[in-house]
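Residue numbers (numbering that gives the first Met the number 0): 0 to 407.
One should not assume that every hint holds.
Said to hold, decoys possible - No more than 20 Å apart at the CA atoms, straight line, and that leaves these computed lysine to aspartate or glutamate pairs for EDC-like:
1) K225 x D238
2) K235 x D253
3) K235 x D174
4) K334 x E305
5) K290 x E172
6) K307 x D160
7) K366 x D238
8) K307 x E172
9) K243 x D82
10) K110 x D82
11) K221 x D253
12) K107 x E172
13) K218 x E172
14) K232 x E217
15) K290 x E322
16) K307 x D111
17) K107 x D187
18) K206 x E38
19) K281 x E344
20) K366 x E322
Calculated from the structure, these hints are not laboratory results. Bear in mind the structure is a predicted one, so any value in this text is a computation, not a measurement.
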Amino acid sequence: MQLRYSFRLYPNGPQRSALARAFGCSRVVYNDALRVREEARSEGLPFVTSAELSKRLTASKLTPERAWLADVSSVVLQQSLRDLEAAYRNFFDGLKGKRPRTGAPRFKSRKDSRQAIRFTANARWSITPGGDLALPKIGDVRVTWSRRLPLAPSTVTVVKDAAGRYFASFVVETDPTADLARMPDTDDVIGIDLGLTHFAVLSDGRKIDSPRFLRRAEKRLKKAQKALSRKAKGSKNCDKARVKVARAHGRVADARREFHHQLSTRLIRESQAVAVEDLAVKALARTRLAKSVHDAGWSAFVTMLEYKAARYGRTFHRIGRFEPASQVCSNCGVKDGPKPLHVREWTCGACGTALDRDINAALNVAKAAGLAVPACGAQVRPERVPAQRGEAGTHRDGQPTVAGIPGP
């Protein structure tokens, strides 16, 4: 499995200028190639191949208008053409139904919130003995290594985000044997019910509170956004205020991502099989709960669960969103009618079991995935119901009766 590891970069002044030059050259090459293909399409000419675009790129370096393209690594420019090819391939595959639909490739802007360039192995980039990242025509950039790379990376992508931070993103091929050895043996299975009041409710009765990172940072975000709105557009003060807003949002996104990683890793470590409901996040994001839905980040969390389960040899199940997980009794399986959202606890009319709505849903999620989940620790228990007169009792003569029939 290929994984991506990101580390913070701290380039100095000349290196930031070199990176800005590389970002600009990569963007220009992408836009030039896109313009060539769009002009060919509008004129009814055949589709321009990648080989032809590469030849035109090489020829453009010899012209006075594009001579400055030689100031950056040629690998960066070629990878920009690869990105355009991938964008067209994804667009055409979406039209054919092979993948979800995406829009046609669009021109890039220097004002985009994210700038990136990619170096492959033939670019001769390396990690120095001192721990710096040596990039061609840029220099040795200081890196903060938060963890060790499991294997030698094949490519590195340098990214600049909206907050002006630089990151090095490495693509690494993991070792399946080493991954399986990292996780302990366990037979536990777990169902997960995602929500807003509690971020996740587990089938064993545990409830994970929702951190609500965006809600907690709203006051700081509001102050930064108000300061940005007061600046003159296009001024340097406006750019500084925009960076402050981006940094505030970046801290929220980083905290949410860290929470998702820690929780998903813990659940995968504790369980052999994990089941979760496939939520209609896009539909929920169009309701009055949109801010809370985006703040929870369910899709990112479920994606982490899925790839970590595949990496560490666990089983991952995703059940359909139309399964009546909250309406069916997890003890007897009887569906006794819909329950409004304000009903959090009720008693099953068939078996007399006291049910907690969220834990009951988590148990049903696991059962819908075909997992046998014990209700240990869960708030699911049969209530004491007095015996019916016609089912059991004692006859007047002292002989026991069953179903109203006197004993011998």
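Hints, one by one, checked against the model:
1. Taking the CA atoms of K225 and D238, the gap is about 14 Å. The hint holds against a cut of 20 Å.
2. Straight-line distance between C-alpha atoms of K235 and D253 comes to about 27 Å, which puts the hinted pair past the 20 Å bound.
3. For the hint pairing K235 with D174, the CA-to-CA distance comes to about 48 Å; that exceeds 20 Å, so the pair is violated.
4. Our distance criterion of 20 Å between C-alpha atoms is broken by K334 and E305, whose separation comes to about 30 Å.
5. For the suggested pair K290 and E172, the alpha carbons sit about 36 Å apart, so the restraint of at most 20 Å is broken.
6. For the given pair, K307 sits about 26 Å from D160 by alpha-carbon distance, which is inconsistent with the 20 Å threshold.
7. For the hint linking K366 to D238, the alpha-carbon distance of about 53 Å lies beyond 20 Å, and the restraint is violated.
8. A threshold of 20 Å between alpha carbons decides the hint, and for K307 with E172 the separation of about 14 Å falls inside it, so the pair holds.
9. The hinted pair formed by K243 and D82 fails the criterion: a straight-line CA distance of about 30 Å is larger than 20 Å.
10. With a C-alpha separation of about 19 Å, the suggested pairing of K110 with D82 holds against the 20 Å cut-off.
11. At most 20 Å may separate the alpha-carbon atoms for a hinted pair to count; K221 and D253 meet this at roughly 18 Å.
12. For the hint pairing K107 with E172, the CA-to-CA distance comes to about 30 Å; that exceeds 20 Å, so the pair is violated.
13. For the hint linking K218 to E172, the alpha-carbon distance of about 42 Å lies beyond 20 Å, and the restraint is violated.
14. For the given pair, K232 sits about 24 Å from E217 by alpha-carbon distance, which is inconsistent with the 20 Å threshold.
15. The suggested pairing of K290 with E322 is violated, with an alpha-carbon distance near 25 Å, which exceeds 20 Å.
16. Restraint check for K307 and D111: the C-alpha separation of about 31 Å exceeds 20 Å, so the hint is violated.
17. At roughly 48 Å between alpha-carbon atoms, K107 and D187 are farther apart than 20 Å, so this suggested pair is violated.
18. The straight-line distance between the Cα atoms of K206 and E38 is roughly 57 Å, outside the 20 Å bound, and the hint therefore fails.
19. The straight-line distance between the Cα atoms of K281 and E344 is roughly 28 Å, outside the 20 Å bound, and the hint therefore fails.
20. Between K366 and E322, the direct Cα distance comes to roughly 11 Å. Compliance with the 20 Å bound is thereby established for this hinted pair.
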